[in-house]
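Chemist: Construct the complete structure from the given sequences, taking the supplied hints into account.
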Amino acid sequence: MSSHVNEVLERNLKNLRENHYPGRGIVIGLTPDQLHYVQIYWIMGRSENSQNRIFVEENGFVRTEAFDSSKLTDPSLIIYSPIKFYEDHHIISNGDQTETIYHALSAGKTFENALDEREFEPDPPNFTPRISGLLQIGTAVPRYKLSILKSFYNDPQYCIRNIYNYEKAIPGFGHCITTYAANGAPIPSFEGEPFIVSVFDDINETLDFYWNTLNRETKVAVLAKYIHVENGKVTINCINKHSYSGITQS
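Last residue of the sequence shown: 1426 in my numbering, with the numbers rising by one and none dropped.
To be clear, the hints were calculated from the coordinates, so they are not data collected in a lab. Possibly wrong hints are sitting among the right ones.
Derived DSSO-like pairs (lysine-lysine); straight-line CA-CA distance at most 27 angstroms [what the hints assert, rightly or not]:
1) Lys1409 x Lys1344
2) Lys1190 x Lys1344
3) Lys1260 x Lys1321
Ranges of calculated distance between the beta carbons of each label pair, as one might list FRET restraints [what the hints assert, rightly or not]:
4) Pro1301 x Leu1248: 20 to 26 angstroms
5) Ser1245 x Val1184: 42 to 48 angstroms
6) Asp1292 x Ser1223: 26 to 32 angstroms
7) Ser1245 x Gly1360: 28 to 34 angstroms
8) Gly1284 x Asp1377: 31 to 37 angstroms
9) Pro1362 x Glu1288: 25 to 31 angstroms
Glycine included, each C-beta is placed from N, C-alpha and C at the ideal position.
Modeler: Rendered as structure tokens:
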């Protein structure tokens, strides 16, 4: 790794560490030993409703759930499945567009077809971006994509649709995209292209790294999903602010 790449990596991680509220985030990459593809997803929250969430397993997938159901005020944008898979396609997103992508793929359509049906979230004045990713491993050279659907500087008249294609994963690196640039009122959407971050050979090291990197006050939960390069076996571990759970799927 060149000194320039290392400088960029350190700067990106420093910015993430110092960001009080990057919102929800997605990382897709490849471990340094090239044995596992990696997907990482985290949720954060400022309100009690947003903080009141945990990751739970359901039928081999993972979904968000209210930690205290008596405090749940609006489930529409906070209860969803952030990760699913269809055959050799591993889906990750920050909302119910996971289902849109899943159903599109199962109908022979594409990631792009699915996202054409969606836009940013209807939560004025923020109009939170929908961020999504897809890792396709059933090809000669596995590839992945990241997407963001966002308003034009919080103006809901316009939806900006950006999709980033990565033809080959880079050992030891992941590409990261978040919903927000920083805290604010309204909260500014993510700008620029996905940035490089670190991933590690051990799933728990990766999980702990991101849990410890994110802001203590606003972080809610982090999950890491590892897909074995040769046999496709999946391991999913997560950390919840309100509890800890490790999930394994094969």
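Chemist: With reference to the structure, classify each hint as holding or not holding.
Modeler: Consistency of the hints with the structure:
Restraint check for Lys1409 and Lys1344: satisfied, since their Cα atoms lie roughly 20 angstroms apart, inside the 27 angstroms limit. Taking the CA atoms of Lys1190 and Lys1344, the gap is about 26 angstroms. The hint holds against a cut of 27 angstroms. Between Lys1260 and Lys1321 the CA atoms are separated by roughly 15 angstroms; this keeps the pair inside 27 angstroms, and the hint holds. For Pro1301 paired with Leu1248, a C-beta distance near 23 angstroms keeps the hint of 20 to 26 angstroms intact.
Under the hint 42 to 48 angstroms, the C-beta atoms of Ser1245 and Val1184, about 43 angstroms apart, fit the expected range. A hinted range of 26 to 32 angstroms holds for the C-beta pair Asp1292 and Ser1223, which are about 31 angstroms apart. Between Ser1245 and Gly1360 the CB atoms are about 31 angstroms apart, so this pair conforms to the stated range of 28 to 34 angstroms. Taking 31 to 37 angstroms as the suggested C-beta distance range, the pair Gly1284 and Asp1377 conforms, at roughly 36 angstroms.
Roughly 28 angstroms separates the CB atoms of Pro1362 and Glu1288, a value that falls within the hinted 25 to 31 angstroms.
Checked against the numbered hints given earlier, this structure breaks none of them.
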